[in-house]
Amino acid sequence: MNSKSADRIASGIFYLIALIIILILVGLFYYILFNGLKNISLHFLTAPSSNIMAGGGIRDQLFNSFYVLFITMLIAVPLGIGGGIYMAEYAKPGKVTDIIRSCVEVLASLPSIVIGMFGLLMFVNLTGWGYTILGGALALTVFNLPVIVRVSEDAIRSVPRELKEASLALGITHWHTIKTVILPSAFPSILTGIILASGRVFGEAAALIFTAGLSTPRLDYANWNPFSATSPLNIFRPAETLAVHIWSVNTQGLIPDVEEVSSGAAAVLIISVLIFNLLARWIGSMIHRKITATK
Amino acid sequence: MSEYTFTPYNVIRGDWCIMEKMVSAKDRLLKSGNNRMDGELRGKILVILCAVIMISATIAITIFLGTKGLQSFIKNGVSLIEFITSTNWNPTNQAKPEYGTLPFIFGSFAVTFLSALVAAPLGIGGAIFMTEIAPSWGRNILQPVIELLVGIPSVVYGFIGLSVLVPFIRENVGGLGFSLLSGTIVLSVMILPTVTTIATDSMSSLPKTLREGSYALGATRWQTIRKVLIPAALPTLLTAIVLGMARAFGEALAVQMVIGNVKDLPSSLLDASATLTTIITLNMGHTTYGSVENNTLWSMGLILLVMSFAFILLIRYLSSRRKM
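If you read the protein sequences in the order shown, they are chains X and P.
Quick note on this note's numbering: the first sequence kicks off at 1 and runs consecutively.
Quick note on this note's numbering: the second sequence kicks off at 1 and runs consecutively.
Chain X extracted, bound-state conformation:
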């Protein structure tokens, strides 16, 4: 076999590999959307779930997913951006910075179930809260923090040097420069990163099984008092999210319509993650256009 035909065969194989990857994705999406969309109805989205009978919905799980995401981001975003600012602006090269960098690396590579176990130990047993939204959100913060730190550090580092120097040259202090010059111009990339991280948090289940629990109490959506036990806004109640729901109906559920419920829920999950992705791209490009005045 001469080298020309070997080259042709190799190219063929690479085309084949690319085709396989594309087919995997198309197959997955086709299966989820084809089977899921026919199970999504207004009833499915607004009815409470059932433990034994068929015909349950995902109302509480859907709300819990968004609420847990919201609480997680409320904690993780300020912490993550603060960490990013420290790494990009204040950290001097040396031992301490190396240690922090290693810590971020360790946190990023921990399996989510290990973070769930840590959450169980710390936020469920040690604090005596039991399964709570807050515990779940704190576990997800640990899971999510390294991503936000990395995104904000990269975004801050890619702010043009001239902007920062101009501000400092005007006599503005370092922190004020960060607040009024660097952060605003790093904001679009940070926001894009946060929205992408939200998609990851939204679909996360392993860290939540042990921290936010597998059940949701009966909720009264008219009750907006965050300290009441039946209020959906109470952060000290157990909450089963959508991703956890898919897992639990498949592995320990008793309902007869497992297939319908989980394919519908999977479709809702995928569509939400897709929306997060598109939103991130759209907002990123919109703000970019606004700031740089490119058409």
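No lab work stands behind these hints: they were computed from the structure.
Predicted model only: the values in this text are computed from it and were never measured.
Any given hint could be a false lead.
[As the list claims (entries may be wrong)] Think about it this way: if two alpha-carbon atoms lie no more than 25 Å apart in a straight line, the pair counts; the simulated SDA-like pairs of lysine to any residue are:
1. X/LYS164 to P/GLY39
2. P/LYS44 to X/SER189
3. X/LYS95 to P/ILE63
4. P/LYS44 to X/ASP154
5. P/LYS44 to X/LYS290
6. X/LYS290 to X/ALA166
7. X/LYS95 to P/ALA60
8. P/LYS44 to X/SER185
9. X/LYS95 to P/PHE309
10. P/LYS208 to P/SER136
11. X/LYS179 to X/MET122
12. X/LYS92 to P/SER320
13. X/LYS92 to X/ALA169
14. X/LYS38 to P/SER163
15. P/LYS208 to X/ALA10
16. X/LYS95 to P/LEU41
17. X/LYS179 to P/LEU46
18. P/LYS227 to X/ILE9
19. X/LYS4 to P/LEU210
20. X/LYS4 to P/LEU41
21. X/LYS4 to P/ALA216
22. P/LYS227 to P/LEU117
23. P/LYS75 to X/THR127
24. X/LYS92 to P/ARG42
25. P/LYS96 to P/GLN71
26. X/LYS4 to P/GLN143
27. X/LYS95 to P/ALA216
28. P/LYS75 to X/MET122
29. P/LYS44 to X/GLU89
Since chain X is already given, all that's left is putting chain P on it; use the hints.
For chain P alone, kept in the frame of chain X given last:
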């Protein structure tokens, strides 16, 4: 002028004379002064606090899981040797409980290596397709595909594995369907985007002169890829595979849904099996906190933690080789 907003861009454009007209310079100077320096200190303390929280989270995880994971050996007297090497897992046997986790450790390593074996050629092949074969249109198609694959939550992979892959294997290949093979396939698809993304980065960061030099010598594209580009990118390609393996090793729910979760050592790819993560997910909920069985689950968690440190060290080693 009341609508005027004071943004950094205006400052740089020199617009701030407008600002000066609004507030006299004397007032501004009197107003700032000390409190500006206070803000400076406050800001610095704030971000240092964030960094400290990150460090303490990492240390807390290590210490908490470490002490909790060692309890079964220290307090309950489970033998470490038995724990790692015995294949008998009978924690509920009243007379003679046995705590051998070798089948689960084996299961974890088996699915990890097998899925890396499937995902590595696909991922690196995809990366080469994007960077060498069809850099313009191929990348435009494959890049979004990979990003969408990353976005699919792991439970959804597990659910599809359970409802499509398991029946398919049961009917066409044999066995129960719940098997090492199902776990491997699900994990391969899950780690594929990780491997592809990093491999693509490493291939596209290779200097252009390498390719041009090779083509100038009359090498074909395949020869260039095989003899020049892959060897040059090898350390990063290995990092890509190791990162994928780290993800596979720690993945819990998707594997748990398809692997069958039996406590016996599998004898073939079609046998049901279990991994450390699946046993933890399955049993953590219905064992009493503080019991010996529960403590052994924490010891398995400690193994996961130690392995994730090991993967980091391996990646460090690989990237130190790259710098040379």
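Hints and how they fare:
Our distance criterion of 25 Å between C-alpha atoms is met by X/LYS164 and P/GLY39, whose separation comes to about 18 Å. Restraint check for P/LYS44 and X/SER189: satisfied, since their Cα atoms lie roughly 23 Å apart, inside the 25 Å limit. Taken as a hint, the X/LYS95 and P/ILE63 pair is honoured in the structure, with Cα atoms around 21 Å apart against an allowance of 25 Å. Straight-line distance between C-alpha atoms of P/LYS44 and X/ASP154 comes to about 19 Å, which keeps the hinted pair within the 25 Å bound.
At most 25 Å may separate the alpha-carbon atoms for a hinted pair to count; P/LYS44 and X/LYS290 exceed this at roughly 30 Å. For the hint linking X/LYS290 to X/ALA166, the alpha-carbon distance of about 21 Å falls within 25 Å, and the restraint holds. Of the supplied pair hints, the one linking X/LYS95 and P/ALA60 holds, its CA atoms being roughly 20 Å apart against a limit of 25 Å. For the hint linking P/LYS44 to X/SER185, the alpha-carbon distance of about 20 Å falls within 25 Å, and the restraint holds.
Straight-line distance between C-alpha atoms of X/LYS95 and P/PHE309 comes to about 19 Å, which keeps the hinted pair within the 25 Å bound. About 16 Å separates the Cα atoms of P/LYS208 and P/SER136, which keeps this hinted pair within 25 Å; it holds. The hinted pair formed by X/LYS179 and X/MET122 fails the criterion: a straight-line CA distance of about 34 Å is larger than 25 Å. About 21 Å separates the Cα atoms of X/LYS92 and P/SER320, which keeps this hinted pair within 25 Å; it holds.
Restraint check for X/LYS92 and X/ALA169: satisfied, since their Cα atoms lie roughly 21 Å apart, inside the 25 Å limit. Distance check on the hinted pair: X/LYS38 and P/SER163 sit about 17 Å apart at the alpha-carbon level, within 25 Å; holds. Taking the CA atoms of P/LYS208 and X/ALA10, the gap is near 21 Å; set against the 25 Å cutoff, the hint holds. Our distance criterion of 25 Å between C-alpha atoms is met by X/LYS95 and P/LEU41, whose separation comes to about 23 Å.
Restraint check: the Cα-Cα separation between X/LYS179 and P/LEU46 comes to about 12 Å, which is no more than 25 Å; the hinted pair holds. Restraint check for P/LYS227 and X/ILE9: satisfied, since their Cα atoms lie roughly 16 Å apart, inside the 25 Å limit. Straight-line distance between C-alpha atoms of X/LYS4 and P/LEU210 comes to about 20 Å, which keeps the hinted pair within the 25 Å bound. The hinted pair formed by X/LYS4 and P/LEU41 fails the criterion: a straight-line CA distance of about 67 Å is larger than 25 Å.
A C-alpha spacing of about 16 Å is found between X/LYS4 and P/ALA216, which places the hinted pair at or below 25 Å, so the restraint holds. Straight-line distance between C-alpha atoms of P/LYS227 and P/LEU117 comes to about 21 Å, which keeps the hinted pair within the 25 Å bound. The suggested pairing of P/LYS75 with X/THR127 holds, with an alpha-carbon distance near 23 Å, which does not exceed 25 Å. Restraint check: the Cα-Cα separation between X/LYS92 and P/ARG42 comes to about 19 Å, which is no more than 25 Å; the hinted pair holds.
Restraint check for P/LYS96 and P/GLN71: the C-alpha separation of about 19 Å stays at or below 25 Å, so the hint holds. Note on X/LYS4 and P/GLN143: the hinted pairing is violated, with a Cα-Cα distance of about 29 Å set against a maximum of 25 Å. Between X/LYS95 and P/ALA216 the alpha-carbon distance is near 46 Å, which puts this suggested pair outside the 25 Å criterion. A threshold of 25 Å between alpha carbons decides the hint, and for P/LYS75 with X/MET122 the separation of about 20 Å falls inside it, so the pair holds.
Proximity of P/LYS44 to X/GLU89 is assessed by CA-CA distance (about 10 Å); at most 25 Å being required, the pair is judged to hold.
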